[in-house]
Amino acid sequence: MFKEYDKAWAKYQESLSLLPIPITSWEFYQLPRAEQKEFNEIQKYWSQKVDFAKVKKDKNLSILVTDCEFKIVFASSNVMQMNGYHYKELIGNSPKMFQGSETSLETTRKISKAIGNREPFKAIVLNYKKNGETYFCEIEAYPKFNTDGTFLNYIAFEKAA
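Numbering (UniProt numbering), first residue to last: 1 to 161.
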């Protein structure tokens, strides 16, 4: 009886035009590990490290890291929930891409001054989502230096305010 069932099942499986793919090949399965590895690679030269797992516990918190030329080199995967951009779309762009005509010049000047002086800052900015909608973004950012004091990156912790 079971032999006939096995034969029928095998015949049915052969008739399907589906290709089974192991779950380990799906991007969402490996994303958290890959994301942590990528983040750790960026911060390996920082004099003060950030505990990525601890920061990621806050589901509403997104992380952006820029290089010394203020181009985004890392964006956490949950950034899409806040602004609609996939994290891969952000790499190589300036965080200014989120600003628009209604963004406060006073606030952006304060941020620019802090960045120019390589100082931490905290601000609430009116930003624009990928679809053009506005949202208030609370940003807490810190410059990162190596052990010699050379400026390497800015790390920003962001959430919708």
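Since the hints were derived computationally from the structure, they do not count as laboratory data.
It is possible that part of the hints are untrue.
Derived SDA-like pairs: lysine to any residue, alpha-carbon spacing no greater than 25 Å straight-line [what the hints assert, rightly or not]:
#1 K129 to D148
#2 K88 to E106
#3 K88 to G149
#4 K110 to K88
#5 K54 to Q81
#6 K110 to L61
#7 K37 to K110
#8 K57 to W46
#9 K159 to R109
#10 K88 to A161
#11 K113 to A161
#12 K57 to T108
#13 K130 to T108
#14 K37 to K113
#15 K71 to L61
#16 K54 to G132
#17 K49 to A34
#18 K159 to Q13
#19 K37 to K159
#20 K71 to A8
#21 K49 to G149
Against the structure, the hints:
no.: 1; hint: K129 to D148; in the structure: 38 Å, violated
no.: 2; hint: K88 to E106; in the structure: 30 Å, violated
no.: 3; hint: K88 to G149; in the structure: 30 Å, violated
no.: 4; hint: K110 to K88; in the structure: 28 Å, violated
no.: 5; hint: K54 to Q81; in the structure: 19 Å, holds
no.: 6; hint: K110 to L61; in the structure: 22 Å, holds
no.: 7; hint: K37 to K110; in the structure: 33 Å, violated
no.: 8; hint: K57 to W46; in the structure: 22 Å, holds
no.: 9; hint: K159 to R109; in the structure: 20 Å, holds
no.: 10; hint: K88 to A161; in the structure: 23 Å, holds
no.: 11; hint: K113 to A161; in the structure: 22 Å, holds
no.: 12; hint: K57 to T108; in the structure: 29 Å, violated
no.: 13; hint: K130 to T108; in the structure: 19 Å, holds
no.: 14; hint: K37 to K113; in the structure: 32 Å, violated
no.: 15; hint: K71 to L61; in the structure: 20 Å, holds
no.: 16; hint: K54 to G132; in the structure: 32 Å, violated
no.: 17; hint: K49 to A34; in the structure: 18 Å, holds
no.: 18; hint: K159 to Q13; in the structure: 48 Å, violated
no.: 19; hint: K37 to K159; in the structure: 22 Å, holds
no.: 20; hint: K71 to A8; in the structure: 58 Å, violated
no.: 21; hint: K49 to G149; in the structure: 14 Å, holds
This entry does not satisfy hints 1, 2, 3, 4, 7, 12, 14, 16, 18 and 20, going by the numbered hints stated previously.
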